[in-house]
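Sequences are here, hints too, so could you generate the full structure?
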Amino acid sequence: MNCRVVAFVGERVFDLRQPTKTAPVNPILEKVYAKKKTPDNSTIQDLSKQTDMKVRQIERWFRHRRNQDRTPVIKKFCESSWRCTYYAVIFCYGMYTLWDKEWLWKTEMCWKGWPEHHVSADLYWYYAIQAGFYLSLSLSLFVDHKRKDFMEMIVHHFATLGLMFFSWMNNFVRVGSLVLLIHDCADPIMEAAKMAKYVKKDGVCNSLFVLFILTWIATRMTIFPFRIIYSTLFEAVPEIGICFVYYVYNTLLITLQVLHIIWFYFIVLIAKEAIITGGQVKKDSRSSDETISDDSSSNGKECSKRREHPINKNGLAQLEQNGTVNPLSCGDRGDL
1 MNCRVVAFVG ERVFDLRQPT KTAPVNPILE KVYAKKKTPD NSTIQDLSKQ
51 TDMKVRQIER WFRHRRNQDR TPVIKKFCES SWRCTYYAVI FCYGMYTLWD
101 KEWLWKTEMC WKGWPEHHVS ADLYWYYAIQ AGFYLSLSLS LFVDHKRKDF
151 MEMIVHHFAT LGLMFFSWMN NFVRVGSLVL LIHDCADPIM EAAKMAKYVK
201 KDGVCNSLFV LFILTWIATR MTIFPFRIIY STLFEAVPEI GICFVYYVYN
251 TLLITLQVLH IIWFYFIVLI AKEAIITGGQ VKKDSRSSDE TISDDSSSNG
301 KECSKRREHP INKNGLAQLE QNGTVNPLSC GDRGDL
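Start counting the sequence shown at 1; every next residue gets the next number (the UniProt record's numbering).
Just so you know, these hints were derived from the structure itself, not from any lab.
Cβ atoms here follow ideal geometry from the backbone N, Cα and C, with glycine treated the same way.
Be careful, since some hints might not be right.
Computed beta-carbon distance windows for the label pairs [claimed, not checked]:
no., residue 1, residue 2, range
1, M151, F234, 29 to 39 Å
2, D122, I154, 24 to 34 Å
3, N41, T222, 24 to 34 Å
4, E116, V199, 44 to 54 Å
5, H64, C243, 52 to 62 Å
6, H64, W105, 53 to 63 Å
7, K37, M151, 12 to 22 Å
8, V268, F226, 15 to 25 Å
9, S140, T43, 29 to 39 Å
This is the structure in structure tokens:
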């Protein structure tokens, strides 16, 4: 029901409906499409002889067929809206839960008195909700459209679940709650920026994109490695000693940080390109997305030119196609 409400608002207020031309039913072309969505010139020439269709008609058919499989903007808007809502609510709940906890301000208190650490009801539910969410993300990876960062997201989600499992089993819930809170800071901003992109609010999207980068730097590139990982590597030793769980937990944390660095590298490249080109970011060569162009005219434009399309000035489109934002973004999907 909530998704229907969001879809209604998106269609009525922001006009996100995108009528897509449907490719005519053609068993021969459909069989080739199942094997290769973008056939080369020689294959197209052969298909032209088999079907008595012109080369341009075949190119148009494949283009329309590819666009039929693309995720509609209204669906992306709905997905980003519920993720933005979840991340914002869970971040606020996390701050409410941890605000009066001494280990939020002094990381060494994550280990004092271990393992006799009482888990309050609010902290229990904070962990339970987050565990359920990331478990659902991990399972959905295998049924959703496979993104270019599929393996990175697999590693990310399983590392996250591994951290939550080991921290719960060994009562490292204090430091585990800090890990969750830190990673929820940038996610609602990312999803809000994507929503602004979908409704073509470039000014809002640009501002949110800058805020997203600054938040990412502050949380995932600064606080996480220099406060959290430092605490698990050094402050934890006097209390828990060097044991098997110590190595496993720190390995998983460092794995997450490596992924953060990889994603941040792509974010910096795209932000740099946007600045150099005056805000215009070129299409990522690794992206397979394309938009429908009206081929009713019979001019002799090259196929590559017909596939070109402008990218939103803020670079969010390129980030999303890379899979860099979603992460989490993604998506897009959640990004711890």
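_Violations among the numbered hints, reported as their numbers in ascending order_ = Structure breaks hint 3 only.
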